[in-house]
Amino acid sequence: MVTALAVFLPLLGAFLTAWLTHRNERLSLLITRLFLLAGLAAILVIAARLGAVTDGGLENTMILRTGVMTPPLSIDLKVTGWSALAAVVVYVGALLGVGRFSGRIPGTQPLLLTLVTTSLGLMFATDFFNSFVFIEIGSIITIGLTAAGRCRRRWEVALKTAMISGLVTILYLLAVVIVYRTTGELRLTAISTMTGFPAILVSGLLLTVIMTEIKAFPLSGWGLDFYQGVDKNFAAVYSSTWSLAVLLWSARMLTVLPLPDPGVLARIGAGGLVLGQLAGLRQRDPGRMMGYSTSAYASILLILAGTVHGADYLSLTLLFFTFASLSKTTVFLMADPEEEDDPWKKVSGYVLLLPLLCITGIPPFPVFWAKIRMLTVLADISPLLMGAVILGLFFESVYIYRLWSSRTGPWQKKRKYFDAAFMGAALLAAGTVWTAAGAEQGLSLSGELFRAGFVRDLFLAIFAGGTLLSLPGAFRGGPGEKSPAVWMLVSGVALTLLPLSGNGLTFYVLWEISAFAAVIGVSKGARPSEGTFWFAVFAGAAGYLLLASLVLSDGAVSSPGIPMLLVAAAALLKMGQGGAHLWNVRAYSTAPSTMAAFLSGTSSKAAVFLLVFSASAAAILPLGTSLAWIGALTALGMAAMASLESDYKKVLAYASVSQLGYVIMGIGLTSVLGWTAAIYHTFNHFLFKSILFLGAAGVIARTGTSDYDSLGGLVKRMPLTFTFTLISVIAFAGVPPLSGFGSKWLLYNALVEQGMLPLALVAMFASVVAFLYAFRLLYAVFLGQLAPRHYEVKEAPLAVLAPQGVFTAVLMALSFRPTLLLDRLVPAVASIAGLGGEIPVIEGTALSTSLGYWDAWSVGMMVMGVFGFAFVFYWISGRRPIHVGQLDIGFAGELPPSPEEVHYAGDFFRPFRRALAFLPEIHASKVFGGIVKTADLAGDVFRSLFTGDARTYLLHSLIILTVMILWMKGGTP
Amino acid sequence: MTRLLVSVILTSLGALVYGLLLGGVSRVITASIHGRIGPRLTQNFIDLWKLFRKESSIHHGTMFWMAPMFRLTGGIGVLLLVPIIAGNSVLTNMSFSGDLLLVLYFMFFGCLGMALGAGDSGHPYAVVAVSRGLLQMSAYELSFSAAVLVLALGLGTFSIENIVSAQQGGILNWNVFRFPFATAAALITFLPMNMTYPFNIVLAPQEIPIGPPTEYSSRFLSFMFSGRAIFGVAKLILFVNLFFGGAGSWSSLLIKTFLLYMYPLFVSPVFPRFRTEQSVRFLWFVPTSLVAVDLLRVIL
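Residue numbers (the numbering used here), protein chains in the order written: chain A, 3 to 975; chain B, 247 to 546.
Bound-form chain B, shown alone (with noise of 0.2 Å):
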């Protein structure tokens, strides 16, 4: 009980440390991108901790003040549920308590405390980003399930821990390979679930000030922060497990991870953003159907 609360708490804090220092890797990238100076590295924990150490001293509302700990709750759920480093018992966590299925699920968890925090805000614009970032979630979902569906069925489990091992032997046994649209259309949908360019329409800067969190500030900001930094973590890990081999090793998580993480800073800057209906409908339709080709291939 007390390893395991050691895990816990130390992959929580490793995860956000990560998080954070990735974030600031990707504001020093863009910024070079633009031209410009931009922040230093560890701008992000700056941030965090000046955001903490301000008092927060309004709130509109039990749900609106409940909500940033559903965010932190949500990111640390589902990075716990995942299988940090394959064959390591020590970084197992909770993952026990459920496969992938719970995973897809529980990620639901903090993007609905989010949400019922900004209704409860009563700002429209809060509530017009949680329209937007509701229907393209329940779009990309579609497509990401899909070709979580087509590898539990190629591989005949929901286990994480199976997948990752149904990995091992070579690379040409990663799932990218054995699945190589089904991860073709997962890695489209990654550019949606970290809202990058041209998905980006929840945060959507000059239209909807900063989306679900226009009401929050200080210390509540810096529970979604951390939330986010950690569930970013999680999903990169997770995506790592099912379509990457997973990590055998440390130096190989931080790799693969980071590989994945810069994927959306090299693809979304050139693009413009899309209007809701046109990301909904091109998540609908384009990879769905680049899943439909594996899907054929495993039942065929």
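Looking at chain A on its own, in the form it has when it is part of the complex (with noise of 0.2 Å):
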């Protein structure tokens, strides 16, 4: 009884609404919902009832028997616990689009009604009949309902989608009259059956209706105008309800397919999301962007059912499709219903980004547990078909993210609308804490998946204290800009975490919260979407690596050979290294500038950690020369770059990636001295680079700009800052007494112990060009001529000054006794397995190897003696001098006209640009625009198959049709 009711009250109710509609519009939309919750409802029952959400709970059965006769003269129905679950979706999809879209379109509750129970009757259908006469209404209520707008795009969109159901019926009744001429009944399980050449033609017709339906690549073409075309609260419908259907259904008839062999399946469908999402790389527009992820989750239903099988593909398939289609409601909620032109304006926050996430899978959304399943299986079965998926899956998340980027702005004035988005995004985030906390492969933070021991410790510690120390400053935006305090602290936690994971997954799932938590942090900047786009992409990139990384290695975080190598890909990819650095200067000089703290001091580590742990659990490091190599023409490019750069943040960047390069140098000589140069500068990197952004982050807070031109003279308005930059500046430059010093002559050592000559030249090349920036970036902010808009600017704010001091305390403690650090790292480092080489010997607060000697305490101690001698004797040796006004200059005799005019900032070292001018300019931003450029035009080969003529779709129906009916009979007559 509660079977039927969960079936057919909207049917009830649509009768009901047909006589209510247009005399009592409010009622009837009342009505409306009444019957949909109570259906609801009584689907609830059932799906506990079935046990569903327990341990096999999704193959338990109830039938439904609507007649005395048996099918096709009835209709006989079976609800498993799979598709109870499912049709809890269908019933929550109608439920939140119901109140926009017929609220709207008075006199379409009927239909929509209508939907509902058909669509629930194709999921539970077990005929070939019954499927057949709840296709054609489905097809019939969605064409109704897409004209129902009464304009003509959407009569368009109508007529292309009865244009390609007729074709879908006419095969489809074709295969159904194979079917019974040859066994003789009409179940859908009948044709497992099947042999010879009318399986064959059967499996084509089927295919064809199938990927036709569900909306697969190549026969996508048609449900790509149908997202972009159709109104966007009947997408929002369509998406949880029949779409879903369709997919279900679809489902389970694959698995029955009498195919040759279901591999080709997963071929079809790995090679469709390969080519269908390249098309979609270039795709600007929102709904047709959900139509490209609509083919995507087609293409992972062929690959499912191509490797997967029994409980696994039935959870598997649940959780891909009843979540997606859940998100995609979601999104299309976001549109703004008033808006003909461009319904998509008003998009934006968060409320946009949970939906978002779900559909990339990225963890711990929902998707995701099924994704890693997957992949999983896909491994086993052919790296190679994994490999070609997860590049599908990252051509999604593109244009997904760029659908984030371009859409995230201020909240807008008509919030009204978005009730029922902030409900769908509420479902979305409680199923995320319900499938995180049923995952199959649980979340562990103990267990040792990291060798405990004062290296792990270091990170944590790095982490931690980056975290803590960069949050002050964060909670007060600077100009323009909004708080990044949340995302960073998400950030932060889930980083503190990485060194604490128990297992492969939880270390994957805590690296990708803490990526996208940074992501959404960077968007809070005062231009974000440029910078927030490539760091999402090259997130993503990095976080896909992994992912490979993960699945091919079993859990662990690596293992020889290619994972290994995916590793370092990712890793290199973090640090923006190897001509990755675009996403690192877009991303910093656009975010918030204490976010840019975190992620260049704090975030950057992660990558540290990964590489230098999982090379000490493989034991190997592949090209460890290689990498060496990258690194040091990384920290010499990015010199010269940051040299030549005039914006501040932008500068930071790229000595940061610069920096950055030392660290990998030093690990990818796979020596105890290469080692503990690189974890020794991770660690001077952490401090010197965070004191950085953070001074940066005060002087823009005050003054409202970053370009070098518009800055100067702050010493004297802000000297603790300037006090804080300068000990940084001459701690990363490695001028003695200060710590970077030490760094570079550990790394020194390394490189002549192996000796690699040349590189030591590079690096050292890398690191007197260093001076350029050093030097250009104390002068053009802080020194020379104070620009009179800057005569009342005050000290940078306590929120980042504090921290800054507490970073230069350290810095400083560490620059007059590295042994502190050292006498725990050196035999830390030593202990590791895999590593050659020297061991550095710590005598006192001496450092030896058999090549040099370095004792930072006597060389502070000179210095500071030194200086004091020469101070004292200055002080006391004559009259002080007293402070002039900073145009108070010799000037040929003449006052200086302006004090913008004498400070000499931009294109500072000009004569080097010119001394560069023998070089061809290779920009990373050209490189990745070709890449982006090859990626589009090759996308555009496919997408031209598009033409957004339904004529086209059919042609391609029926090219695939006999493409796949002569590939599946071969030779055989």
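Accuracy of the hints is not assured; some may be wrong.
[Stated by the list, open to error] Quick partial rundown of chain A residues pointing at chain B, CB under 10 Å, derived from the structure: (1) Phe724; (2) Ala858; (3) Ala907; (4) Phe914.
In short, the hints are calculated from the structure, not lab data.
If you're wondering where the values come from, they're calculated on a predicted model, not measured in any experiment.
For each residue, glycine too, the CB sits at the ideal point set by N, CA and C.
Build the complex: two chains, separate frames, hints provided.
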């Protein structure tokens, strides 16, 4: 009884509302909602009875007979735990969308309610003819509701849908005829026993029908047009009802198709995923993006059908499609119903982010659990197939990030429209918690994925300390920025937990949470769009590489060979090495300054941590020398770029990437000296980059600009910021007695130890070029002439100043007593298996190798002593001079015109630019622009399939049908 | 400790006197090349004393104020880190604190301080000179450090003491003969290091009055003057130690450093000044290519 209610209540409601519509719209809408709620309650009861959420509950079955006869003369429905859960989503989707859709286009309630019953019917149908009836009704309602908007564009879409439905009907009926003729029955499962040519014919026909209906590439053209042109509120309802029903019906059909080799489904799916998503890369229309995403999920269905079986198949299809459908519904609900031209203008905020992250399968969102399970299965079958799927998913994520970054803006006024979207997002959030709690491979923070010890604790200290000290300044954004504090905290907590991960999956989940929380943090900047997008794309790419490595190495963070290479590539991307600095420069310069401090100072160390620990776990680092070269050339190239750049934050971004080059160089050497240098420099980098970016945050907060040309002379107004910046600049330039020299000393020893002189030379050149940007930074911002508009500028806020003080104190302690760190670091690194070479000797405050020696304490004392002597001598040897105005300079006997004209800051190293003129200009933006263009061009080839003309789409279906039948038939007569 | 302190003071004062004296010699010789009578040998001492006794009555800021001290510290520091006479335990000074790498990097200390002072002065010419100076420094440091690295790899040490002892036992053991190309490169970089023609783009008279110290005068300038003199001597001793067998005695130290000091004097007056980018490119390619020859010899 309850089953019947669950299916047919909406139909009953349809009759009632058909009578009420145009008489009392409000009552009609209320009744629609009530019937949907009642149906939802009924299906929840059924799901509970079937034990759908327990282990094995997905396969439990309940049969509903609606007549005394057997199908096809009556309708028999089989409700399983699996389909009952999907039915819950159908109801939820209809409930979310009905107010917006039927509220705006009156008279649509009866059709909408019928669509719900039809969707449920199709999901539960057991027989070909029943299915046919539901497909027909569903298609007709879809066409009707599409045209209901009464505008030309909607009618066009409806007509296309009608033409496609017509072809689907013909092909489907042909298949049914053959099935009945061959087997004598119409049960859906009957076809699995078919053999010979009829089996081939039926497989071909049904596969074409399924691919067309679920919009799998290359038969997805009509779906793209549909999602682009249809009323967005109807699209919201459609995604969770009819679209989901068709997917689940297809999921059942695909397992019984009498295909000669089911594996071919996976290949069609994977190929379609890569090519289809490649075609979508260039997409800018949110509706069409959702169309491409639908096509991606259709391909995933084909892949699953070809590779996964049994209970896994049920749970994976359910996880993938219910949550993707619900996410899509939520996204569509965010379009503004009142904007006919561009309903997407007002899409904004976190409510949009949640469904989009769900769709892309970022952890811990529900689809992620399905994705990783699918990839694990694929890795066992064929790593190539897995690679293709990851590539396709990456392409999908690229346009989804674009959708997000291009639609993120201030929250718009017409908030009342988004109630349903809020509810959808809330449901997704609940689903996230639920699926994460019930995940098959649990998350764990106990266990020893990473060897406990000093090195791990050092990284722990960096992550926790960096987060805590970057946070105070983040509560108030700079000029035009919003506060990134919450997201910095989320990202920082995830980072801090990284070293404690109990298994590879936990590490990956934390890594991704940290990355995407940081992406949101970056989006709080004053002009975020481009920086956010590129950051998201690179973070996404690094995440997918890590995921591939994880899946290939069976849950460990790395194992020798390919997985380790993938890890190294992910780490390089994350650190902006080897040309990947594009994201660093764009994200750091557009992010809130404190967020940039966190990213550069703290977050980038996650990549070092990953590289160090996975290489030591695998006891191997393939292509170490190449890695070292990448690091060296990055260090040099970025230092040169930083010298020629005139934006404070961009300079720091280039400098940050450049300094990380030394770390990569050290790691690539795989020697005790090299790794000691790398980790020591990592800690140094953490200190001085945090100081520099926080200093920049203070300067920008007070002056509102990061342009060198507009700054200058701030030492007079911000002496503390200048002092901290000066100390960190001297440190990173490697000038003794400050701590940056120590890491360089260790690094050169490591390089010469291995006879890598050319590499040492590049490193040394890079460190000398670093002087150029180091001085320019100090001069252009703090020295020279103070612009009159900055006469009243105050010292930086305490929230960024105090953390700088703490960092500086640690930096100074480390400068004079590096053994505080090295005493523990050297033995810890020496104990790592697989590292060769000499172990540096520490005696008291001195450090020595067979090549040389260095005693930071005595150098420090010498400098202090001589400087102190000179200072005191000057002080006592005569009168103190008085401070004069900044324009009081020898200027050919004239008064200088104005501070701005005298301040020589723009294009400071012009001769350097001229000296470099012989080099070809290679810009990362151009390289990546080229890659993007190539991908776009390749995508255009496939995009050109989608002409927008329904006749082409019909032709595609027929061609696919013919090809499939010919291919399956092979050489047999 | 007291011995160290006395040694440090004596070394610094000695270097100052020697440096000023060498400056005087160079002024006399340059004058005779020009056909002038020129200043007397002790003119530099007189200048220094005159500058020191004049009060500096104005300054432009803290960094401006501290730059002369930075300059002096940089000069004395490098001097103290280099062992003066091989085997003489009295004059090792602070050389136990670090090896050649430390000396190389510490050489930037004074330059950076000077540059900061020039920046704080707010005078555009001073900063133009710093921009030129830093660029040129980045260029000659490439080839100089390349030469030093070749030595370190060839002799298997970064310790100056060990480099000197590796050259003992005959003139042919000197690095100038063992690594002739690296030495030649280092000698080329010696010219821009001492800011002589054709590389004197930093002080560049006629273009930018006197470069970085444009705004400095009197007592401030006397500190810089002293720093520069001491730094010059420190560089001479370093070069002697690295390439010319080091000094086993006072006489050999004086002869070698004097001859080395005279070398730019006879090279530079015949060249016009490079433009900055010409200097930079020359230093990137010519001396570095020379080092590459020795580098290949060492590696192969």
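Here is how each hint holds up against the structure:
no. : hint   : result
1   : Phe724 : holds (8 Å)
2   : Ala858 : holds (8 Å)
3   : Ala907 : holds (8 Å)
4   : Phe914 : holds (5 Å)
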